[in-house]
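There are 2 protein chains.
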Amino acid sequence: MLSYDIKQADSDSLYHFIYKCIKKDILSGALPADEKLPSKRPFATQLGVSVITVENAYAQLLTEGFIYTKPRMGFFVSAIDTSKVPGTNAGLNNIASQKQSREAQKSAPDTSGLEARKAPKKYLADFINNQANPESFPFSTWAKITRKVLCENQNELLVRSPYGGTLAVRKSIAKLLREFRNMNVDPDQIIMGAGTEYLYGLIVQLLGFDKKYGVEDPGYSNISKIYRKMNVVCNFIPMDESGVIVDQLEETCTDVIHISPSHHFPTGIVTPVSRRYELLSWASKSSNRFIVEDDYDSEFRMVGSPIPAMKNIDVMDKVIYINTFSKTLTSSARFSYMVLPKPLAKKFHDEFSFYACTISTMEQLTLSRFIDEGSFEKHINRMRNAYRSRRDALLQAISKSKLGKLVEIHEENAGLHFIMEVQTALTDEEFCKRAEEKGVRIGALSDYYTEATPSEHQFIINYSGLSEKTLGMALNVLYQVAQSNKVAN
Amino acid sequence: MLSYDIKQADSDSLYHFIYKCIKKDILSGALPADEKLPSKRPFATQLGVSVITVENAYAQLLTEGFIYTKPRMGFFVSAIDTSKVPGTNAGLNNIASQKQSREAQKSAPDTSGLEARKAPKKYLADFINNQANPESFPFSTWAKITRKVLCENQNELLVRSPYGGTLAVRKSIAKLLREFRNMNVDPDQIIMGAGTEYLYGLIVQLLGFDKKYGVEDPGYSNISKIYRKMNVVCNFIPMDESGVIVDQLEETCTDVIHISPSHHFPTGIVTPVSRRYELLSWASKSSNRFIVEDDYDSEFRMVGSPIPAMKNIDVMDKVIYINTFSKTLTSSARFSYMVLPKPLAKKFHDEFSFYACTISTMEQLTLSRFIDEGSFEKHINRMRNAYRSRRDALLQAISKSKLGKLVEIHEENAGLHFIMEVQTALTDEEFCKRAEEKGVRIGALSDYYTEATPSEHQFIINYSGLSEKTLGMALNVLYQVAQSNKVAN
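From first to last, the protein sequence lines are chains U and X.
When we follow numbering that gives the first Met the number 0, the leftmost residue of the first sequence carries the number 0, and every step to the right adds one.
When we follow numbering that gives the first Met the number 0, the leftmost residue of the second sequence carries the number 0, and every step to the right adds one.
Just so you know, these hints were derived from the structure itself, not from any lab.
List of simulated lysine-lysine pairs, DSSO-like, C-alpha gap at most 30 Å:
#1 X:326 - X:143
#2 X:19 - U:341
#3 U:210 - X:210
#4 U:83 - X:210
#5 X:432 - U:345
#6 U:121 - U:224
#7 X:346 - U:432
All chains should be built: construct the whole structure from the sequences, respecting the hints.
So, in structure tokens, the structure goes:
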């Protein structure tokens, strides 16, 4: 009969100890296939445990398939062939080594994780970082509304929201669009998602993997990356001073063009109304053609009224409008949405409504109240003023600095970045590299070109997360770098 | 010179009113292309507004491309060709009709939205609903931790988390897996995502659109839907009493098999260890082959220890383990994660780290604290006990009812559902239809088959969201339906 030393069970429960011993013997081959296991009662007596303990151990082995039962005959060892799995030494060594490494882990200092190894670098100025300033997030209001939602909306909170988001938050967004963007959309046209990246993926599923997608060149590189990761053709469409060139859409057989007509990143171009109509005319020529209007930072136009959305003149149902709260609230919350033309909204409803919405109901309800109670409007006005002051201070600091004489500023009235053209003998790469060595992180417009011929000496100045303390020093660094000799340094 | 009646500006700002009037005239053709606009000063005098008001109106028109400027000559109307966009009547009518419908909307009662039209039906019993009972969610603890996070983690809260989730929450999950599933994983192997559906999409991107995917038949239909929406081949693999049939994987040339070996939905099958090794052996034969282990409800095994995960014996790095907090917490929060084998984790890091994590940092940090402070373990133990009592009460109620004599119960020890086999002359479809007419919602096992031959007269009993009040009546309904004649009703 099998014999195990119950005293070794240690902190383990008795049934689990017996289960593990038998399992080990089965995996090691000590208990061969079809061997009968001892009857419960004598085995229990021998081990000095109760019959129920043995029963529980056998039941677990049975459930996991290590043993099988024959009616009125007892329990037998199953045939388990681990030999065909290379690297498996009867499973057992694996378990043992797991245990060892588990113990090793317990004693070792816990410094695992990619991030733990990467300490964030401190810069005099970081003109690449475009994350909102943490201080600007309306913490106390958000916390207050979160508490209210947790208290007052308990029943709604635990209901999974419909695929596009709860009706409450879609109504709030429709209201925002009406007030801020003069857009008249039905809440049913709105699909919320945890980030615009996720929505790009949904768009591919909705419009088709067989379509050819196009992105702006230059442009935000993640957009083309995502289309390519979704396994669709993605063309780079060159731009002139009005936006993407429509002839190039025809030439590349693009079906779906992804653009940001209200404020292009990184050039800052606003697509004029004539080009907008040209694009709509292009789209109207085939039922396969659509325009994705990525309106990522229209809330932050610094001068004049917001630029109207293309969606406003979309009488042919060709424009999918996308926006996000990443810039206006915080990118650490994942609030994005798209507005589908009605026929596409119907298609989405018919074919994709089995998908769960990717934003938690709690955060949806919090956002909805934040908008409905007027906090969003207040916040956005405060932010716009704060960014405008920051931009003005930065522009003034540049013009007063020595650097001022070497630069020209373009497209400074929209969004949270502008372009600074610098007189320098250095290549863009060399300029950015030397600046970074001296503590100033800056990116060149030319980095954002893929196939089109880039403009040189134009640098992107993001100022949403900029600190003003070390700004003077940073501008001086850029001046020295711009003046520096090609070979020197 | 142009003439507009400034008194009509109403609540609009003056500059915006002038801007709109000119825009309207341009779009209607009243102001033809290349027409010179009046000089600012005399125009301002004529309208009775300040020069700056006219300047602002012109600036907005310029930015949007309705007019252009010639140095020292003034402003001219742009050529805007709207005629090629079918349905566009110079854009203007569109704006007017938008305004009308906006006003109509203001006065109409706001009953838009798909959901508003669908009132949820009340049932005596709903055996299809598998959402957790709202009362079971630990509201006060969750609210307390949320408040703490909002107070104490403000700086972390506004940093967008790395692609896989913040290190804190990945460490918490690694700890859970160690304690509950005896799994030893590095936090870097964990990728968090807003729902398992989203993770399935990521898996396709990671393993390839050219691979052939396989799902269990019968099975949860959304899984195959998602693979097909991702535009990949998805085979239905028939099952025997141990799980998917390995020969069928070979025959269908499946590369990636998606299974739930610890508790299959809907049959309840636990894949025995011998079949697990067979599957691993199958996977080891090609570098393209992988197993997706969907461990959706292993926390709720009612009797005995949890079934070990296949990931535990995955020495060849072939198993992608997926789990979710939808069942254990609430499906209205979107917390899911996958554990990648180390080589795939490296590939993910190299190729997909540009993706933002789809769960907000706030919810990640709340979940992390909820786990670390021991609340998750307490909650899961309480839930398991509650579900066990509910299951026991239900089983007892069935056996005591008249229905008891007509049924046999299968697979009642795991997860939050079991199978009830019913003696009846009705087809499954007829049975479910008649039950629903009498207020009992129930689904048949045969509904979950796609290509394989289904077992008849087996019904799925989900009890996680069941109310006990009307249970007796519901069982009586099922008894009557089971006894009812084929033609009668």
